[in-house]
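So the protein sequences, as listed, match chains A and V. The opening residue of the first sequence carries number 1 in the numbering used here; numbering runs sequentially from there. The opening residue of the second sequence carries number 1 in the numbering used here; numbering runs sequentially from there.
Think of the hints as simulated: they come from the structure by calculation, not from any bench.
Derived BS3-like pairs (lysine-lysine); straight-line CA-CA distance at most 25 Å:
1. A:Lys100 <-> V:Lys57
2. A:Lys22 <-> A:Lys69
3. A:Lys22 <-> A:Lys112
4. A:Lys100 <-> V:Lys78
Derived coverage of chain V by chain A (criterion: at least 3 residues anywhere in the stretch with Cβ under 8 Å from a Cβ of chain A; other residues may be distant):
5. 28 to 41
6. 44 to 56
7. 94 to 102
8. 105 to 113
All C-beta atoms in this analysis are idealised placements derived from N, C-alpha and C, irrespective of residue type, glycine included.
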Amino acid sequence: AQSVAQPEDQVNVAEGNPLTVKCTYSVSGNPYLFWYVQYPNRGLQFLLKYITGDNLVKGSYGFEAEFNKSQTSFHLKKPSALVSDSALYFCAVRDSRGGKSTFGDGTTLTVKP
Amino acid sequence: GAGVSQSPRYKVAKRGQDVALRCDPISGHVSLFWYQQALGQGPEFLTYFQNEAQLDKSGLPSDRFFAERPEGSVSTLKIQRTQQEDSAVYLCASSLQGGGYEQYFGPGTRLTVT
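Chain V with its partners taken away, still in its complex shape (with noise of 0.2 Å):
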């Protein structure tokens, strides 16, 4: 079946701008993580939701990030007024529910800011 599918796959954003990257986790799957990946590190915890409801964000650099999963599904992680220093690879990872369950992540999306 489909997995987790994440896009635009690459994004090169002058300093200053907004994006938003796009997260289509595996059907049925209640929970949904984001996660920020640094060159050389593991990736590092930004939010999770189950279902709609955003349940922890203690991870998200500042209030420029946001995220959203308005009707459970697919999940938006906006970036506002980009910094070079949010460049890295951003993962989202979805699983049955929470707890114990195994993450299944996408291929990731790339953020370069110039």
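Looking at chain A on its own, in the form it has when it is part of the complex (with noise of 0.2 Å):
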């Protein structure tokens, strides 16, 4: 069975401060690892993957993420937060023999001015 962790339901930061939002899985394979983002009243936006290679992974908007495969974990984080990257953030895994994809509860990250 594969999982996802996100520890935090929020995230609250200061515009122009890095920030990081934690997730961690557990998959029987090799994962691939997903980030979206859920803005209010859109739907659900892929963000960035880690599918193999660079452990460092970038994506859009600027939001990067560093897979640890000792730590089993897929962070996601940004140097310099903007406000309008409040949002709810989720965390995907997918056995890479598989086509199921496991979703964390997501993780509200609010920037403050």
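Since each chain sits alone in its own frame, please combine them into the complex, following the hints.
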């Protein structure tokens, strides 16, 4: 069975400060890892993914994430947060052998001016 | 280009009614997924198609739930004899393929069973 944990329901940061949204996963086999964002009244949007290769992946809107195999983590980061980054963020994992994706319960990011 | 569309956007059903939810994926996307999202939770996997083949239906909560994609494009999720616990947002997503390809989500159908 595969699973995702997002240990923080809420993350609050000040605009201009770095942000981290945490994600740990469990999967048999090699993981495919994804981050999605959901803005109010809008659908889930893809941010970035890790498939293979470089452990640091870069995605949309200046976000990046670091794959750490030993810690089974895939934390989302951004060097300088914007108020417009405030949204609900979901981490997801998929076993490379299958199609089923498992999502975390989401982390609400609030960036204050 | 056009994204994933879902209809209806909102559906109110009386307990015991049957409902059908439609998903139009992005043209050319081979893989299609259905999820159920309860308030305050992440999407829960229901089922997955590759073209017209339903490869995984392990997430369907009961035999009242049925999904099809007969021509490998449009998909329908049907719920028979709806119960109150079926109230949720039903999300459809498509991707070029399965595996490492990202999913593109529709706006969802909010189902309320009264």
